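Protein chains: 2
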Amino acid sequence: MTSRGLRYNYDNMSDPFASSDSVRLSGQSVNTKQVRLSGPINLEKGDCLPFVDVCYETWGALSQEQDNAVLICHAVSGDSHVAKHQHTDQPGWWDLMVGPGKSIDTGRFFVICSNVLGGCRGTTGPNSINPVTGLRYGAGFPLITLGDIVDIQKRLIDFLGIRSLHAVVGGSLGGMQALVWPVRYPESVRNAAVLASGPRLTSQALAFDVIARNAIVRDPQFHQGNYYDKPAGPEVGLALARMLGHITYLSREAMTAKFEATRLSPRDVDTEFEKRFSVGSYLAYHGQKFVERFDANSYVTLTRAMDLFDLGADVPALTATLNQSKCRWFIASFTSDWLFPPEQSRHIVDSLLRTGKQVSYCNIPSECGHDAFLLPDELDLYGDMVKSLLNEYQDLPSVTAHVTLDEKNATAKPLTSAASTNIFQGQRLDYDLMLGLIDHGSSVLDLGCGNGSLLDLLKRERMPSRLMGLENNPELIRAALARGFDVVHGDLEQPLTGILDHSFDFVVLSQTLQSISETRGVVSEMLRVGKRAVVSFPNFAYRPMRDYFVREGRAPKASGAYGYEWYTSPNKRFPSILDFESFCIDHGIRIEKQICLNTERDQRVVDDANLNADVGIFLLVRA
Amino acid sequence: MTSRGLRYNYDNMSDPFASSDSVRLSGQSVNTKQVRLSGPINLEKGDCLPFVDVCYETWGALSQEQDNAVLICHAVSGDSHVAKHQHTDQPGWWDLMVGPGKSIDTGRFFVICSNVLGGCRGTTGPNSINPVTGLRYGAGFPLITLGDIVDIQKRLIDFLGIRSLHAVVGGSLGGMQALVWPVRYPESVRNAAVLASGPRLTSQALAFDVIARNAIVRDPQFHQGNYYDKPAGPEVGLALARMLGHITYLSREAMTAKFEATRLSPRDVDTEFEKRFSVGSYLAYHGQKFVERFDANSYVTLTRAMDLFDLGADVPALTATLNQSKCRWFIASFTSDWLFPPEQSRHIVDSLLRTGKQVSYCNIPSECGHDAFLLPDELDLYGDMVKSLLNEYQDLPSVTAHVTLDEKNATAKPLTSAASTNIFQGQRLDYDLMLGLIDHGSSVLDLGCGNGSLLDLLKRERMPSRLMGLENNPELIRAALARGFDVVHGDLEQPLTGILDHSFDFVVLSQTLQSISETRGVVSEMLRVGKRAVVSFPNFAYRPMRDYFVREGRAPKASGAYGYEWYTSPNKRFPSILDFESFCIDHGIRIEKQICLNTERDQRVVDDANLNADVGIFLLVRA
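The listed protein sequences derive, respectively, from chains W and A.
Numbering-wise, the first sequence is residues 1 to 623 according to this note's numbering.
Numbering-wise, the second sequence is residues 1 to 623 according to this note's numbering.
Derived from the structure by calculation, the hints contain no laboratory data.
Check the hints yourself; a few may be wrong.
For identical chains, the list gives no copy identity; a pair is met inside one copy or between any two copies.
To be verified - Heads up, simulated DSBU-like pairs for lysine-lysine below, C-alpha to C-alpha not over 35 Å straight-line:
no., residue 1, residue 2
1, 326, 154
2, 557, 572
3, 33, 531
4, 45, 275
5, 557, 357
6, 557, 593
Note that the structure is predicted; figures quoted are calculated from it, not measured.
Make the full structure from the sequences, and use the hints.
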């Protein structure tokens with residue numbers, strides 16, 4: 001058996017018929033390689049294959065230290081051709097991400113992508129010849145698992161002489177492979193990026209796969225999977241399956257954008273399927289195209305493997321599984337992905353947090369649905385974030401990250417770092433004194449870490465054993481990841497699920513107390529996940545505020561964090577230093593240290609701090 | 001041709017296999033009636049039927065004035081048996097809603113439900129005998145529209161001697177019929193309730209229907225629709241179509257709840273469809289059951305009618321259509337309904353608002369998905385709301401509605417009405433003075449109307465020409481609807497889409513200014529949709545607040561609306577009377593009248609109001 005050498009590329013994306021994984025057939029590629037892995041190869045469910053041929057491609061060069069290999073895993077209908085090898089090559093399915101100077105930089109990394117076991121694009125699958133019978137496997141091809149798929153990839157990596165992968169990267173079914181790798185081969189993966197995936201399918205996603213398989217298997221031309229010597233295969237069933245897939249790959253918003261303008265003007269596709277509506281002719285087109293390039297038995301085989309995949313039904317089970325991993329993780333979900341909904345990624349992240357693994361996460365805002373990880377729309381975010389994972393930690397200057405912020409965020413949380421000079425000159429003293437409360441070599445969580453400027457200071461001046469940030473703005477997450485920090489996407493007003501009690505020596509909330517609603521919840525969570533909490537905030541009872549209020553009869557205002565109109569302020573809470581002291585007493589919190597500052601004069605305040613200080617910094621422990 | 005007399009009922013709802021419209025066959029019902037409407041009957045797309053038989057059922061008695069008839073319209077796979085006729089009868093598909101003393105009270109209303117044109121449950125459809133050929137219509141059955149379906153219902157109503165319906169009520173495809181009725185026969189409908197429906201399908205919903213039809217029509221046993229004399233029909237295709245339907249009827253959350261516990265323990269259904277997973281055996285079961293009771297040609301006919309249904313692609317087009325209606329409307333969507341997403345209902349509501357129609361709307365919180373309107377989970381809300389629509393306006397005592405509120409809402413917006421006595425004794429004076437600013441006979445919109453207590457006062461004391469409320473809490477909407485008011489579900493911080501400029505003489509914002517973030521947006525919208533705005537709020541600079549702040553150095557507090565701890569207050573903005581005056585000047589707003597009150601002393605304040613008043617009431621116009 002040889003590779004069928006099928007190649008595909010993207011349709012033109014501006015075409016409403018375009019789809020992220022629509023393909024067309026083309027000739028054999030000179031860059032496709034094949035290796036025969038000798039058997040017997042034992043499969044997880046008890047079956048055995050005499051040998052497996054693996055079709056794969058590589059880009060870039062393996063370093064002498066063999067430490068720059070990146071394995072990319074493809075989705076259900078993908079193949080080994082992830083990117084062009086040269087300008088004249090057929091387009092790859094992830095040219096956006098993979099190439100010289102791109103997020104997965106083939107000038108720097110040795111990139112590998114193989115067609116999966118059970119596929120139909122060069123690697124052994126149901127349409128391969130079974131050497132025992134001399135006939136195609138067909139219905140006789142065994143039930144395989146994601147574990148089997150990854151085991152074959154591991155043998156390929158061994159064959160290539162690579163002991164440990166710098167990274168494994170994948171989306172959707174590829175993301176499942178990227179999840180399995182660090183669990184099954186913890187010593188062989190240093191970084192893992194999982195995009196638009198999950199630890200198991202939802203019941204809804206399962207239902208789609210079940211109907212798709214029913215359409216194939218109950219097609220009279222399926223012949224129990226032995227249709228290869230028949231005049232035709234289960235083409236109607238496979239096309240229906242593919243149409244269903246296309247519904248799940250797009251968000252409702254994306255379908256509206258794609259088809260509403262031409263709702264009743266379908267394209268004149270040559271098809272026996274219905275083409276009354278624009279969306280109908282699109283489905284007919286893609287259903288038919290798929291039949292030309294994909295094998296129905298492979299679709300049944302791979303969707304079964306996906307449906308049986310299960311790293312854990314809940315966070316405790318998932319935690320037990322992921323605990324075996326030793327790599328650094330990056331997880332990305334997309335807000336409008338309803339096939340692999342963001343809460344599934346959140347479960348993965350919570351499970352990794354529970355075991356103290358290094359993990360970053362972003363729920364990337366997108367209207368593209370599941371396909372987002374293959375599309376240019378959000379490449380700025382997911383591309384940069386994968387790139388940051390692949391980079392080693394870097395000691396960047398503290399204000400290098402270019403961050404675009406909406407006005408609200410910019411005002412709510414000044415992005416100035418200690419190194420900058422600006423109108424808030426006191427910030428320097430504020431940060432310095434906060435740092436002074438944090439022991440050298442301790443672990444620190446920064447709530448609302450922004451672009452990582454405080455994390456940067458901590459790293460440089462406190463030699464922390466562990467640093468992590470929580471942030472709710474994807475642009476800021478990107479900036480902090482670019483600095484090499486682990487940042488988890490989250491709303492600090494929500495419970496810090498996943499983070500176990502006393503996981504950090506210190507939890508920091510810097511100049512944010514006044515802009516959150518759930519004061520009690522936030523402080524309580526800080527003292528749950530941290531042994532100590534450091535809180536700084538502007539003092540509402542600072543003398544100029546009182547003077548202004550009494551004299552003017554207007555909502556208090558002063559320069560700095562309280563320098564807003566009453567109707568535009570990002571602040572929602574207006575505590576004085578005294579208020580916060582009472583709050584601590586009333587809630588069983590012991591104030592271990594308290595520093596009051598006048599940042600306008602750049603000095604500490606001792607006398608009547610509630611009147612004379614504009615900033616309070618508190619070191620708290622649970623009483 | 002006679003009615004096939006098929007009856008169905010709900011499965012046991014605690015059974016994970018239960019589904020809102022799963023059915024079983026049973027014998028002919030004595031309560032099914034049939035009438036032959038003589039032809040030729042001209043259809044909208046140009047075809048013609050020689051006559052149409054209509055199968056229908058009725059409950060209750062028609063009043064002598066013939067003014068109590070309620071038509072219920074069924075969904076795609078439903079039929080005329082909406083409810084039991086007597087205890088021993090087969091269950092109906094909406095027994096929850098229809099019966100003696102229920103929301104649609106058969107003790108009070110004459111309830112009618114007929115099987116739709118094109119159906120297969122007693123009314124003429126593709127499986128009926130074509131009198132011209134003596135054979136079943138099959139593929140020869142014409143393309144029909146929702147308009148045709150409603151026209152046949154109108155002829156039935158005429159036959160029953162009813163000139164005007166008290167109400168038409170329907171969900172899903174039934175909701176589309178309820179939308180068409182008041183447009184096509186404006187003089188014949190006084191009230192319309194549209195649940196879980198929309199003005200046209202989304203592209204995503206269209207895609208599901210297209211795939212379902214492809215599964216049927218490409219089934220080799222379909223024989224171009226002429227399968228009635230064949231040994232078997234397109235049973236696989238129809239079952240696949242039904243499976244797809246079931247995915248869209250449930251939310252992802254509902255599927256998880258139904259199947260996750262038994263994910264890998266499917267029920268042993270006797271089926272040739274896949275049953276590896278729990279959800280798979282459920283789909284197989286319902287797919288097969290459907291084939292026993294439904295005709296594939298009817299499924300194709302009715303889904304085509306649904307797919308072609310289009311009251312308008314956008315709000316302007318929809319407005320032009322709905323402008324023809326003269327009834328009072330109630331629209332309900334369900335938050336997790338992704339087949340008819342809430343934004344579609346919102347478009348209907350916006351269109352009705354633009355034409356000044358009487359409309360109420362609620363986006364009912366539910367995890368049940370599209371099926372929610374058939375299930376008991378949210379019956380408390382949608383049942384009561386439909387009941388309120390069917391009731392005439394009632395002069396209820398002002399504090400009768402029983403309202404359950406979460407603590408936050410209870411504190412954020414006191415529900416006390418003028419008639420109650422409580423610790424806020426000043427409320428009486430506050431309301432009285434606000435009322436004094438509103439002219440007799442004018443139209444008034446109350447933003448954040450709560451349970452309608454201010455609307456109630458306005459109605460009794462101001463003889464308004466029109467009253468409407470906006471409210472964001474479904475429980476409060478229910479309470480206000482029970483009082484007979486028109487209330488639209490909405491967040492007052494969002495633009496008041498749908499309401500045209502200067503549609504109301506007065507827009508009221510009572511004691512809410514301090515708890516909203518988007519101050520400028522809200523006031524600006526008030527002065528857009530209203531000729532005048534009335535705003536009342538607690539004065540932050542009231543003397544005790546200033547004293548407390550200066551003396552104590554703590555966030556200001558006083559009894560009443562500012563009587564909260566800084567960390568639990570529902571308030572987000574803290575304007576003084578002076579602040580609000582400046583705000584008006586800065587934003588081109590003229591203060592036409594201004595009343596300052598001390599509600600503790602129950603008196604108006606003239607001297608230094610910003611210090612001595614605890615409440616300000618402003619009458620505003622755009623300068």
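Right, here's what the structure says about each hint:
1. With identical chains, the CA atoms of residue 326 and residue 154 are at most 35 Å apart within one copy only, with a shortest distance of 17 Å there and 70 Å across copies.
2. Taking the closest pair of Cα atoms, residue 557 and residue 572 come within 35 Å of each other both inside a single copy (14 Å) and across two copies (15 Å).
3. Neither within a single protomer nor between protomers do residue 33 and residue 531 lie at most 35 Å apart by alpha-carbon distance, with minima of 54 Å and 75 Å respectively.
4. For the identical chains of this complex, residue 45 and residue 275 are inter-copy neighbours only, at 19 Å across copies versus 42 Å inside a copy, given an alpha-carbon limit of 35 Å.
5. In this homomeric assembly, residue 557 and residue 357 never come within 35 Å of each other (Cα to Cα): the closest approach is 44 Å inside a single copy and 46 Å across copies.
6. Proximity of residue 557 to residue 593 under the C-alpha cut-off of 35 Å is found in both arrangements, the shortest distances being 28 Å within a copy and 28 Å between copies.
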